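Enquirer: Okay, here's what each chain looks like letter by letter:
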Amino acid sequence: MVSSSMKVITFAGPPSSGKTAVALELAERFAQHGRVGAIKFDCLSSHDGDDYEAAGIPVLTGVSGVICPDHFFASNIKACMDWGVRHGFDYLITESAGLCNRCSPHLRGAVAVCVIDMLSGIDAPQKIGPMLKLADFIVITKGDLVSQAEREVFALRVIKANPRARVFFINGLTGQGCHLLAKELEAAASKQEAIPERLRFSMPGAVCSYCFGETKVSDKFAVGNIKYMDIED
Amino acid sequence: MGDNINTNALIDLPYAQLLREHPLAAGFFEQVGLEPPAPQQSTGELIATLDEFQLADCGMDAPALQQAFVAYVGRMESIARAQAQHTREIRILGGVDKDGAPEELDLCVHAGEMVCIVGPTGSGKSRLLEDIEYLAQGDTPTRRRILVDGAVPSQSMRFAVENKVTAQLSQSMVFVMDLAANDFLALHAASRMMDPQCIPSVVERTLACANDLAGEPFTPSTRLTSLSGGQSRALMIADLAFISSSPIVLIDEIENAGVDRRRALDLLCGQDKIVFVVTHDPLIALMGCKRLVIGNGAVRSIIEPDDAERTQLRALCTIDEELSRIRHAIRSGERVAATFDAAEGGGKEGGP
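Chains as they are written, first to last, in the working numbering: chain S, 2 to 234; chain C, 101 to 452.
For the record, the hints were derived by calculation from the structure and aren't laboratory data. Since the model is a prediction, treat every value here as computed from it, not as a measurement. Heads up, some of the hints might be wrong.
[Claimed, not checked] Below are the DSSO-like pairs computed for lysine-lysine, each with C-alpha atoms no more than 30 angstroms apart in a straight line:
#, chain 1, residue 1, chain 2, residue 2
1, S, Lys79, C, Lys390
2, S, Lys184, S, Lys161
3, C, Lys198, S, Lys184
4, S, Lys192, S, Lys228
Generate the whole structure from the sequences, applying the supplied hints.
Expert: Quick look at the structure:
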């Protein structure tokens, strides 16, 4: 176990849900009384790191490219946390974009936040898997754009999907609601005992011909850890 | 969460008994995509039979699934218990303006009253609504404090997501869910844990009211996303009145077109809501029991309507009715007759 008082907070959520806006807003609040660093995981090229730098927050950007983004996260997060410890951060925020819904980058012992937006559809809370179900905090964004009734229906669906989480409505553009969320996150993070070492939930595996660049779609070319659908006529 | 529920007992209850004692628990199995236990099987026993692939489909390991089950039942039951809330009064205590100077304010607003908020852009009108929504306790930039029924609101009241004390309506809100109006209202009523037997009549009443407020009628099966701006607003207001349980309604402007603003606001006040409206519409501004004038981030003065204003309000109502009549005539393709005399400035009897 690495001994450090650095608090790790993982942010996850579907693409364009407002993760960066919310994480940045919070990072700036944490930065008022501690040193904050950020890790930005992305699948394709990313410019979001620029936003952290503009806010004066040191950031590492990891682009998974040809590798499964979740496995990329799991194989790099430890080294990223070591980087944070070497820099003497009080808070390390990790942000992972658009992981497949079966995955979750949340770590045992670290505070986990899932960001989900109101425009993503009424079934979204049920479709998003461990990333939402295993989060400690769920942030709902873009609520200012939709009717009160839809906000209430959506919030209840989120609570049903993860009845253990604290749920917050945040306006990512104005930061409204972040004041309290920042306080609650700090309180929750203060309970972290050590630098996290395990994922909260295992990731789906593949190791098949498609992992290594196969492009033909047929069982003749599918080799390795493969799952087939039952198709009845 | 989960107060009054013995965690061990809950997970060990045979399903038949669980359903009798905690009927809301049934929703959990649908939620995680599991077949419910057999009548004599407990939830704990069911979870013990799941293999790693079934658990993977639930998105949780066995201990997390057990915890989620207990948390689900506790939270759903607490939501159902907290349905009926009545707020008789809200009190706003002044903070500071944008320069840090004290705001002289101690305002009580009671159920069924409407307060209007006026002032130039950037003066702090929306900030006041935010303070009320947040039930501020000196912890916002304005340092205002809000008391509910004479008391400092509890943390759980302030930060509840379900059963929130305040509901909001603004010009920029739209419906985004692709559902028929009646299906959506039923869904909303169900998510407020309304008695299923009451839901059809509540939905019918809400739709009738929305149709009444909107100039142009729509059918119960109209999709939310194809409602006009006015129809959407009318439906949101009717929903606030009959389905939403929030006793305080915060409105940031309410448009002129396609919805009868006056009756909409009367409806909300009639349902014993406490209504705050940011507006520059003279008709609405004069309807409030008080008018808060905002400047430099603070309430500068409070105007209560006098006889002159009440007389003016009646005149404005006549003009407003005349305008709606003309609008209706134009929409129906009619020619508009000269009922207004510019020099006189008032409406005459007899429409187009």
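Enquirer: All hints, please: hold or fail.
Expert: Hint check results:
For the hint linking lysine 79 (chain S) to lysine 390 (chain C), the alpha-carbon distance of about 59 angstroms lies beyond 30 angstroms, and the restraint is violated. Only pairs whose Cα atoms come within 30 angstroms are accepted, and lysine 184 (chain S) paired with lysine 161 (chain S) is accepted, the gap being roughly 25 angstroms. Of the pairs offered as hints, the one joining lysine 198 (chain C) and lysine 184 (chain S) holds, with about 24 angstroms between alpha carbons and a cut-off of 30 angstroms not exceeded. At roughly 40 angstroms between alpha-carbon atoms, lysine 192 (chain S) and lysine 228 (chain S) are farther apart than 30 angstroms, so this suggested pair is violated.
This entry does not satisfy hints 1 and 4, going by the numbered hints stated previously.
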